[in-house]
Amino acid sequence: MKSMNSINSNHKINAFLIVAIISSNQVGVGVMGFQQQLYQNAKQDAWISVIISFVLAHLAVFIMIKTLEIYETNDIYEINQDIFGKLIGNLLNVLYITYCGSIFFLILKTYIEVINTWVFYNLSPWFLSATLLLLLIYAFTGNLKVIVGVSFFSFVITFIWLFSLIPPLEYAEVQYLLPVFQNNFSDILKGTYSMTFTIVGFEIINIIYPYIKDKKKVNRYAHIGLLGTLLIYFPILLVSLMYFSGEQLSKTIWATLTMLSIVRLPFIERIDIFMICFGVVIILPNLCLYAWAVYRGVNSMIKISLSAFIWSFSALMFILTLFVQTLTQLNDISRIFTHVGFFAVFVFPFFLYFLALIKRKFRKTQVIQ
Amino acid sequence: MMKKYKLIFIVFVFMTVLGGCAEQKILERLSLATLIGYDGGEGENITATAIIRQVNPEFESNVETLSATARTSKGTREQVSAQVSKKVTVGQLRVVLFGEELATAGIRQSIYTLLMNPEISNGIYLGVVEGEAKPFLEYQYENITDISQHIFNLLEHNIERENSISSTLHEIGRDYYSPTRQIVMPIIKRKENVIEITGVAFFRSEYMVGRLPAKDIFYVKMIRDGFEKGTFELVLDGENFESVSTGETPEELAIALDAIKTKKTIKLIDQNTPEYDLNFKISVRLTEIDASIHTGDKKTLEMLEKEINKKMESELSRIIQFTQEIDSDVFGFGEHYESRVSDSNLTHEELAEMYSNMKVNVQVKSEIIRDGVFGME
Amino acid sequence: MFGKQKQNIKNESEDYKGLEIDGIFPPLKKEFFTELKEITNSPADLIIKDVTETITVAYIENLVDGQVLNDQIISVLDKSEPSIPEALPNLLNIPIFKLAGQKKEIIYDLLTGNVLIHIEGYNLVGLANIAAAPTRSLAAPENESQVIGSQVGFNESLATNISLIRRLIRNPNLCNEEYSVGRQTNTPFSVLYIKAIAADENIDIVRERIANLKIEDLIDSAMLAELIEDNSYSVFPQMLLTERPDRFCDGLLNGKIGIIVEGSSMAILCPYSFVEFFHSREEQNLRWQLATFIRLLRFSAVFLSVFLTPMYVASLTFHYEIIPQPLLIPLSESRAIVPFPPIIEALILELIIELLREAGARLPTKVGQTIGIVGGIVIGTAAVQAGITSNILIIIVALCALASFTTPNYMMGNVIRLLRFPIIFLAGFWGYYGIMLAFCLLGIHLLRQSSLGAPYLSPLYPPRILDWGTAVIRLPIGLLKTRATSNGTFNRKVHNEKAKPQRDDVMKE
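Chains as they are written, first to last, in the working numbering: chain A, 53 to 421; chain B, 267 to 643; chain C, 4 to 512.
Bear in mind the hints are in silico, worked out from the structure with no lab data behind them.
Given the structure is predicted, the values throughout are model-derived calculations rather than measurements.
The C-beta atom is built at its ideal place from N, Cα and C for all residues, glycine as well.
Careful, some of the hints might be misleading.
Calculated pairs, DSBU-like style, for lysine-lysine (alpha carbon to alpha carbon, straight line, at most 30 Å) [to be verified]:
1) Lys267(A) / Lys40(C)
2) Lys95(A) / Lys267(A)
3) Lys530(B) / Lys95(A)
Have a look at the derived ranges for each label pair, beta carbon to beta carbon [as the list claims (entries may be wrong)]:
4) Arg387(A) / Leu534(B): 38 to 46 Å
5) Glu591(B) / Leu311(C): 52 to 60 Å
6) Ile218(A) / Asn288(C): 36 to 44 Å
7) Pro219(A) / Lys631(B): 29 to 37 Å
Could you build all of it, start to finish, from the sequences and the hints given here?
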């Protein structure tokens with residue numbers, strides 16, 4: 053099937069930038085406090101959960117790329133339309149758009165929540181969301197090249213933050229990691245499940261794929277990107293497991309930030325406050341890429357210009373942020389989206405691949421006949 | 267294109283006007299609480315005594331001590347706020363002290379409040395004041411202008427030099443929420459015009475249950491965290507050295523040692539009792555010894571090492587025994603047990619109770635690597 | 004996006020040098036010169052002189068070399084009396100000589116220092132170029148001084164400047180395309196590039212943009228740069244203006260395209276990336292370790308210069324928690340007597356520094372230096388004593404100003420200083436969050452820019468690690484095997500080899 057939106061070769065991006073795209077889209081607000089839920093489920097074996105979830109992610113990415121390779125120039129929306137037909141395909145696309153939009157919303161709202169609890173207690177949330185959305189619009193109207201650029205810089209700078217894990221190591225107790233494998237495997241899997249909201253983001257490959265120049269290398273770089281994310285999450289988790297005692301960690305909402313508050317540099321203290329404000333750089337690629345995912349989805353059904361889309365999308369998100377006010381509401385929504393996200397990222401791709409294979413077989417036999 | 271830029275600009279200006287600024291906390295327009303002391307009050311009330319630093323154009327900067335009594339610490343903050351000209355903030359809090367009475371009555375609520383507040387860093391120091399915190403803080407010390415800074419520096423440099431137990435809020439929280447490890451905090455006290463660390467307080471859960479004098483801090487620290495660069499003093503029995511002495515040996519031979527390298531190993535040898543082997547391998551530098559003893563002699567050194575081992579072993583055992591008596595597992599043996607014995611079906615409570623019956627064999631192996639530059643033959 | 008509009012080529016009739024005169028002159032002498040006078044509005048310095056009865060010369064007095072005119076033209080014509088214009092080229096010993104019939108060509112040449120030779124009965128006239136343009140002698144480049152390296156700068160003459168370049172690059176591939184723009188000024192300028200190194204795409208873009216220029220006047224190259232750059236609404240310059248021939252040639256040799264404008268001592272280089280604006284030509288002449296150190300120092304200075312004052316404002320206004328204890332007392336005590344919030348304090352001081360800089364730049368050199376020192380010391384001390392600013396802020400602001408002056412490019416240096424003001428505002432309103440907003444806005448803005456269509460942030464993004472050897476640090480010349488890709492050049496190979504040691508006396512012993 054030929055892609056409806058053929059892509060200008062000027063807009064294509066180098067394959068190795070996939071590393072930055074995937075990694076920066078995975079690392080989001082989750083990095084500030086993913087440890088709590090994880091620990092509550094898997095206890096000191098949480099790191100095993102993380103490894104399992106990354107293994108699953110590698111599998112999912114592998115399958116996603118396999119599916120995309122069947123079609124070569126199409127993104128997931130067009131594949132859906134091809135496999136399920138116009139009507140059901142579009143219905144699925146609407147669901148997928150809703151999923152991406154909701155993730156976008158959750159990221160935005162969670163970050164605003166962090167700023168409001170840690171730094172500015174009474175800075176109005178709508179102001180924060182408006183500024184973040186304006187940043188998004190400015191990046192977005194620069195087209196995909198700018199979005200990928202934002203991801204790239206975010207990816208690089210996030211790695212620099214890992215150095216701030218060194219001072220907390222002074223208080224680390226290795227024995228908190230022991231005994232290994234003491235918890236039920238089902239608990240560990242539960243931990244893996246609770247990682248969903250933290251680890252999602254690599255499904256952006258479904259949308260970015262048609263824009264990549266050298267499609268043969270996509271597989272390799274996508275997996276390197278996942279490894280990059282693991283290199284960010286794993287040290288953070290390991291240090292926090294050793295730094296906090298059990299119950300303390302399960303009570304600490306933003307463990308990474310709490311851990312950083314102990315860091316003292318000669319001219320600056322309380323790195324946590326700095327880190328929170330720095331979060332803008334961390335979440336900006338998430339916002340851009342998910343907005344891009346929504347844009348491609350909408351574009352597969354209705355033709356809409358880039359700027360018209362982003363302004364109306366931002367307006368919608370802005371209004372939505374006004375409705376969700378309290379932390380409990382936010383927690384409820386994110387709990388729901390753990391399930392939705394798990395389905396969309398870990399279950400649906402396998403299903404789709406299976407159908408795409410059948411469809412291809414079917415088509416081949418048709419041609420022969 | 268131009269229109270869009272203009273639009274963004276207009277929206278921005280609009281937001282600035284409408285959204286206003288965030289609440290300002292301009293440094294010199296704040297009263298910075300840098301140290302807070304808590305005492306138990308009547309009933310469930312607590313009395314907070316805060317050292318507050320303010321800057322005024324006339325006085326440049328001054329330090330005030332204010333106190334208030336209320337049910338919650340936020341309540342005390344409001345009351346203190348009513349006594350000063352500028353808003354009270356705790357973002358620069360460095361030290362929190364508990365009166366002995368409050369510490370005995372329980373500090374759960376205080377720890378919880380401190381951990382909950384995002385303004386407060388996890389790196390602040392906690393300590394216990396011998397007696398009440400309020401008079402301790404309100405006393406006019408002759409040579410100390412800013413008592414909070416003084417106490418902070420006192421604690422910080424002693425912790426860094428490994429002369430005191432490290433008691434950051436993080437560690438206190440960590441040990442408090444760990445069911446199998448207990449809190450320790452340094453005890454400080456006013457002695458005339460000087461503030462000194464006089465001992466170490468042991469807690470069981472949230473209650474202070476016992477204390478040891480300052481000279482034992484070293485051993486507590488040694489068992490708890492090991493040590494790397496501490497200097498310590500030992501008093502050995504002089505009689506044993508008569509054979510190697512060239513002059514008159516004093517009855518008690520005091521030596522000073524500088525640790526170069528230490529290695530602490532802890533091994534569970536019996537799960538049922540349970541029984542532990544606690545081994546220390548330390549390399550030290552001899553910095554001070556009685557002039558009558560020649561350290562150039564190999565035999566002397568060996569004898570010294572043996573005596574050092576014996577002395578340290580007995581001291582360490584004494585301290586472990588003490589903590590067992592008060593049932594305060596500050597060394598985390600329970601934690602260790604829990605982490606090694608994976609199939610123990612013991613609950614946390616049972617583990618905690620186990621401590622008093624634990625058997626710990628202490629063994630010290632010391633080696634004098636270097637001594638001074640004078641006195642060798 | 005602005006580029007797009009310019010790239011639409013409009014096929015209008017080609018104006019000869021922008022003059023709007025058509026047709027040819029009448030052949031008869033009297034009518035010819037009447038019309039010439041009419042078109043040129045008979046200026047006082049237009050001399051029309053009969054050499055013989057049939058031969059007349061016309062020139063503008065102030066533009067031609069009188070000596071050459073008398074010796075090489077008038078005396079020769081007087082002697083040999085040619086009767087047809089076609090005989091003129093062989094007769095006259097003038098290097099630049101041509102015959103022309105078109106009105107606009109004749110008028111244009113007359114206005115650029117040609118002598119018009121008219122022979123009765125012909126409308127074809129001879130044009131002998133004996134222009135004597137007043138030029139400044141070559142001087143050291145004042146705005147881009149360097150310690151080690153050549154000390155010659157461009158001057159205002161196009162011919163001199165091109166000769167300076169040809170003296171550094173003796174290569175037949177050095178191409179020179181001449182254009183002129185400006186309806187009123189008819190300013191000639193040259194586009195220079197090295198064929199087979201510069202990318203054809205880039206050359207085409209430059210040609211197109213020049214072809215689409217419709218302007219009234221062009222006085223300086225800075226104006227031209229603004230007109231042909233990708234986004235003239237951005238605060239960042241996208242083309243380099245330099246007065247150093249060595250830097251210019253360095254650019255050409257790396258595949259950039261240069262433009263030199265008559266009457267301007269600044270040459271344009273494009274495409275130019277953001278990072279390259281912070282390079283100094285001198286780094287090529289220093290030891291590579293030192294050059295790398297200086298370059299990295301400069302990059303950090305830029306960062307410091309933009310963000311240090313805002314960080315001070317943000318920390319003192321919103322985030323007092325982050326101030327370490329040893330700094331707390333000095334900071335709060337120095338702030339104690341200041342009646343303004345930090346943002347006002349910082350703005351006042353930054354403005355004072357800007358005023359001092361501007362005053363220093365406008366005044367004659369000698370007075371300028373004095374103003375800088377006196378103003379700095381007197382105002383600084385007085386401001387602290389009067390309690391308008393704090394001591395520590397003075398140090399910070401001075402440090403920022405100093406850091407911004409390390410930028411080797413004057414234009415970029417100014418941009419760096421200007422950027423600070425909006426960021427101070429954001430920091431004063433929303434603390435570190437505001438600074439981060441500014442940081443992101445700046446980043447996105449830079450990502451959106453391009454120079455001749457090449458990404459402005461390259462080689463940082465798109466990441467081209469190979470280029471970092473020349474762009475971020477400076478590798479020793481022997482290690483440089485490729486040209487920077489950011490210039491779009493396809494000819495990347497560089498054959499740099501170190502001279503092999505010839506003598507090994509020491510080893511023989």
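How the hints compare with the structure:
1. Lys267(A) / Lys40(C): violated, 70 Å
2. Lys95(A) / Lys267(A): Roughly 41 Å separates the two Cα atoms, so the pair is violated.
3. Lys530(B) / Lys95(A): holds, 27 Å
4. Arg387(A) / Leu534(B): 38 to 46 Å: holds, 41 Å
5. Glu591(B) / Leu311(C): 52 to 60 Å: 58 Å Cβ-Cβ, so the 52 to 60 Å window holds.
6. Ile218(A) / Asn288(C): 36 to 44 Å: Roughly 40 Å apart at Cβ, these two residues keep to the hinted range, so it holds.
7. Pro219(A) / Lys631(B): 29 to 37 Å: This hint holds: roughly 32 Å between Cβ atoms.
The structure is inconsistent with the numbered hints 1 and 2, although it conforms to all the rest.
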